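Student: Residue numbers (the working numbering), protein chains in the order written: chain A, 1 to 80; chain B, 1 to 80; chain C, 1 to 80; chain D, 1 to 447; chain E, 1 to 447; chain F, 1 to 447.
Worth flagging that the hints you see were computed from the coordinates, not collected in a lab. Since we're looking at a predicted model, the values are computed, not measured. Honestly, I wouldn't trust all of these hints.
[As the list claims (entries may be wrong)] Here's a subset of chain A near chain D, in silico, CB distances under 8 Å, partners left out:
(1) Y3
(2) E8
(3) K11
(4) I14
(5) L15
(6) I19
[Claimed, not checked] Taking CB as the label site, the calculated pair distances span:
(7) K40/B <-> M359/E: 33 to 43 Å
(8) E233/D <-> P134/E: 21 to 31 Å
(9) E29/B <-> P250/E: 36 to 46 Å
The beta-carbon is built from N, C-alpha and C at its ideal position, and this holds for glycine as well.
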Amino acid sequence: MEYSLVGESLKFMILGMLIVFVFLYVLVEVMKLQAKIISKYFPEKEIPVSTSASSTTDTDEEARRTAAIIAAVTEFRKKK
Amino acid sequence: MEYSLVGESLKFMILGMLIVFVFLYVLVEVMKLQAKIISKYFPEKEIPVSTSASSTTDTDEEARRTAAIIAAVTEFRKKK
Amino acid sequence: MEYSLVGESLKFMILGMLIVFVFLYVLVEVMKLQAKIISKYFPEKEIPVSTSASSTTDTDEEARRTAAIIAAVTEFRKKK
Amino acid sequence: MKLKHLILSLLFAFAALTSTVQASEGHEAAASVPAAQTQNAAKVYEEKSVGQLIVSFFKTTGLNAIINPKEGVKNGEGKNISLFAQSWGRVLMFAIIFLLFYLAIAKGFEPLLLLPIAFGGLLANIPIANMTGPHGMLGIIYNMGIANEFFPLLIFMGVGAMTDFGPLLSNPKTALLGGAAQFGIFGSLVGAAALSQYTGMVDFTLKQSAAISIIGGADGPTSIFIASALAPELLGAIAVAAYSYMALVPVIQPPIMRALTNPEERKIVMKTTRKVNPLEKLIFPLVVIMMIALILPDAAPLMGAFALGNFAKESGVVDRLSNEMQNSLINIVTIFLGLGVGSKLQSDTFLVAESLGIMVIGLLAFSAGTAAGVLMGKLMNRFSKEPINPLIGAAGVSAVPMAARVVSKVGSEEKPGNILLMHAMGPNVAGVIGSAVAAGVLLSIFK
Amino acid sequence: MKLKHLILSLLFAFAALTSTVQASEGHEAAASVPAAQTQNAAKVYEEKSVGQLIVSFFKTTGLNAIINPKEGVKNGEGKNISLFAQSWGRVLMFAIIFLLFYLAIAKGFEPLLLLPIAFGGLLANIPIANMTGPHGMLGIIYNMGIANEFFPLLIFMGVGAMTDFGPLLSNPKTALLGGAAQFGIFGSLVGAAALSQYTGMVDFTLKQSAAISIIGGADGPTSIFIASALAPELLGAIAVAAYSYMALVPVIQPPIMRALTNPEERKIVMKTTRKVNPLEKLIFPLVVIMMIALILPDAAPLMGAFALGNFAKESGVVDRLSNEMQNSLINIVTIFLGLGVGSKLQSDTFLVAESLGIMVIGLLAFSAGTAAGVLMGKLMNRFSKEPINPLIGAAGVSAVPMAARVVSKVGSEEKPGNILLMHAMGPNVAGVIGSAVAAGVLLSIFK
Amino acid sequence: MKLKHLILSLLFAFAALTSTVQASEGHEAAASVPAAQTQNAAKVYEEKSVGQLIVSFFKTTGLNAIINPKEGVKNGEGKNISLFAQSWGRVLMFAIIFLLFYLAIAKGFEPLLLLPIAFGGLLANIPIANMTGPHGMLGIIYNMGIANEFFPLLIFMGVGAMTDFGPLLSNPKTALLGGAAQFGIFGSLVGAAALSQYTGMVDFTLKQSAAISIIGGADGPTSIFIASALAPELLGAIAVAAYSYMALVPVIQPPIMRALTNPEERKIVMKTTRKVNPLEKLIFPLVVIMMIALILPDAAPLMGAFALGNFAKESGVVDRLSNEMQNSLINIVTIFLGLGVGSKLQSDTFLVAESLGIMVIGLLAFSAGTAAGVLMGKLMNRFSKEPINPLIGAAGVSAVPMAARVVSKVGSEEKPGNILLMHAMGPNVAGVIGSAVAAGVLLSIFK
Ligand code: NA
Ligand code: NA
Ligand code: NA
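If we strip away everything but chain A, and leave its shape as in the complex, we get (with noise of 0.2 Å):
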């Protein structure tokens, strides 16, 4: 190896944290766009996909679910 591991991962870090930072900001600018063309088009009412009654897919939901189970089995078994 006739270069220097130090110099080299300089600059691995400086093209990195470049494309990691352009990454994310087109990103950011992406998601404000979205968010602005959802709510002006596609206001919470009238959204045409079907999450409305899939909405117990949210993981809190889920677990609320989950714990719902729980909590009426371990009831049944108190009155018991």
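Dock chains B, C, D, E and F with the ligands against chain A, hints included.
Tutor: Just chains B, C, D, E and F with the ligands, lined up with the frame of chain A:
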């Protein structure tokens, strides 16, 4: 290819529909025979298989059971 | 095969039963030792592992839990 | 927010740089391919300046790969991809995939398979990543269970465990309706052959025509199984067509059903089905697989997996296994099957006239199957002692249980209160067997 | 119903045709094999008339393959199948398989494994389909996890996660009873050798004898693991024998137990077991695997998988994983293991005198193990301060937890209210370790 | 209890014998290796006396292998193992593994992965058994899904299905904090290079340095994926370091967070997050994967799997599949991933100075990432209209969701009632994307 695609596929159609019908016709006759034999020698009361306890495996029963669980949990959640 | 099948297998039997007994005997002694050490230095109250909450993993407890769920659903179905 | 300006200027600098790269690219183009190969072979890292790093990074962006397609880029199977397929082809495929997402999510088109298939297609069309190659995620999945036709069989096993042959057993002769509907398969086989022979549009071989025609069986796993065996290059289009038209059954079937029957026929009330002895259900899968063994062993993998699932359920003694087949196992395999099939939605494989041809033939197949089923229903009604509502023949195309539901809906529209669902389930499940038999016949011809 | 007549005449025409085919077959016989090969090699479809198609279809029916067996037909491993195995052999195998179905479903013989094994056997004996070949469903499964002995280990991991060593830890010395019962293994090893050496009936090698003798361990996964390693050609018969006799434990054991004990011994009441500290249970699987590492590393795969499952359960911090091992994962693997083992029930492999010999030795093994356990129980009762009911020695053969239940039943028959179950669970789980040790010894001898 | 004496004397006899064997071993040593090979090649059993059997049994004990290490013993990859690694090395590894068990169980260190990894390590260090070889259980698992980088992707798919991007979508600009924290990766890359260049302690290549630095991403599957791709020989140490430090996040982060902020900053209350439209969540995974496709296709496998899981969840139409990804599938793969990674904890691979170096660099990486996140938070707070609590920058290192919880805890300690959890979840999930991007950059450099 020196043969006619359409010609060959017409022959396949004849063969295929023939086999399909022969197969299903034989199956129909076997089903009838089987029903006759079973209703004669193994009427519902004396089935030697242990399906009485496990009739819960029927898909509709299965569905009903799932429905019951969901209903139970839903009800429980409402109570909360 | 210039050796006797039965002769060889008799030797295997001696070796095998010897190893099995030696292994299990050592295991018995280790189990006794382990019980002595644990009851002396880690009496049940101060177990460092978090098994208190998860005692539900015992298979019979598991079975009981399953039974409770099934019972709950069965009862719910009757109510319907 | 000044931060924004800072980053924006960074971004502009990046953009400026990349345009320079693009400009200078022309000069390098000729030399770059062998250079890349040499570098690859040696796999030794060589010192680079930050500028060189950024330039070489830009060359590995997908944007560059799409804007500047190059000769010699290979797909997952190691074949060259045309310049069009590398650039506009990918763009077009992304559009098609977003359409599939829309159909799956907003329109409810068989999402359990169309969504993973489409996502697999999305990943398959990402340039540079080569995810369909033998070391890529999709390639691994494809070789694991689709190239060897294993996954469709596992799905079929699960479907078997979910199927209830009770309605068929209570009225055996309706099985013949499930036979007539297989005209959808063989009719569209002739159609595919005719399309190739009489138009210059497509050029299907007999094998390919056969693989396509199985779409008419309206049975996802069977279609994928046969396509993998006879024409893997058409797998993507065939699977997409099969699942799309299965989702469209409620749109395709009713007009055909109404056109071929008169109101009197549609109003026919059928006799209540008899109760089936559990022993009949238990023995049935064994009867079917033994008949397959004796008459049509080429259908043994398909019917074997199906009968195994059904037998496990009906036996009542291995509920652990039968529930597993219907739940975790079928779910896992569905994810993998979808992704693996989606790997065949690469632009160079999918964007060919053949795909359009497959769409046309698929529609023909569903229509022909429906028509044949209804006509057979009319014929049977004429000769049978007990009245048979010819509508139930339409359920013979399978698409379990959707076609049976469509029959019931059309029937009760004509005569409210006339529930044909159970009567239609007979031809419906017989149609699954019929399609497997048809598939076996085609396999046996080309073996 | 005139339709029936129409179809019946079609059927007769088909039958007439096929008999002609059969008649003309004789002339073609000599030429047909190389012709088929050439055609296969070229894989080019050649034009045929409808008559030719039907004739060539008939040649691919299973009925024809069974009625007209041919020289040169190969099994999944590429070996020639005898004419008998192709014809009557298959028929006989189907009969045996239906018997297994009957035993599994109506008699409750370990259905979780016997049912998939038998179904695998059914599929394996379907002619033409060649499902046990490297591209067939059963062949894929066999190579995926049985040839490399992976599936039995996953099963054993799940069994480990379901096992509670509490009863053993509360009364450690009962482990020796689980050791004595391994005489079932080594006794039947001598038996198998004697059968080969002194009768002309079978001709087992030492390796095969060892593979067979593990049936005496009364432990399904261990048997399959050792059979895959030492004598895969006997895998089918060994697995069937092991699971059948495990199911027969309540029939085989009681007479032996009663013959070797007197009523006083059977009435012995044992001291209540002490409560076990959870920490002991947590450390136990580590103790066992470390002892295996030091003394008998050849048993490391088996005991490693078992200890992993048990440790995951007892740790209490990875319940997700331990539940998975006990449920979905073990279910999936059970389906595949059964089918893969069933692929060894092909007529040419299974219908040999050796299979009968295996059945005989298996029965001997269970009996010898039971007897040795009970006798060891009597010996220990004589030397021990605390009373030991010799019946619990019979639980040492494993067949967890059935042998322990049998002990409890026999004990409470003699003295109602005397619950031996927990006392019998100690030797019962020790028997699992003992069998794994015995398996390791045999593996180490033949390495 | 006289039985005890009987068995004890047997045991002594055994011990005496083994010491004789040890004594005589010296003479045989030279001849034994080629002899063993010949025997292995022929695989023919040769007659032995009981004494010979016991001697040859003792030679296959693990105790003997550890006490009498020999030249030429090979590891799972077929490389020679040093005498130290065979003897004290194994002992040391067992000690390290018991430490890992202790940390996983008693201290709650990410047990879901550390426990299977450590158990895999235990099995990998058992002598003779060679469980990491191509035919051993661990070797099979490693080749099934780790060598080809498949398992980490499946885990990432499940993680995607469990991730909620709502908090990030409600406050997009916090994504930049997840970017800053990736300084942990690139900073430690420089650190690893410096350690190699300026000290004689370790000698990492650039590729190895890159593989190690990904520990700073605080993302298990990403670390394993990159390590498998760039430096599989370091996989064990990297995975152990990654999961250990992820578990240590509540210990490592708070002092750094407090040192870099003043109480006023830590007390900053942030604006309530806006409600996010479900459509935004649905589209987000597609946006991310399309951006990856265009900008950084080398990250496509990682982000593709992640986006697939998230899209499946948010679509709401394939709950069967998304639940499967989050439950059975991820559980099964976690078991296998852990065991496969553990197979790299063999003494000869793990007991090298490099492992210590990796531990040091891993700690550096977590610290640097935390610091960079907090500093970026301070910078953004200065330029932003709305107040930003700089603590939430620390969540950018990922370790989802632990780092976000740590932020919330430190924040509410400073100002009770100030719940930062939801605000910290934004940078937290952005950190996952950021790490995948960083991983893609490193992959693209070394391709
Ligand atoms: Na069909
Ligand atoms: Na045993
Ligand atoms: Na991260």
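Student: Going back to the hint list, which numbers does this structure go against?
Tutor: The structure conflicts with no hint, since it agrees with every one listed earlier.
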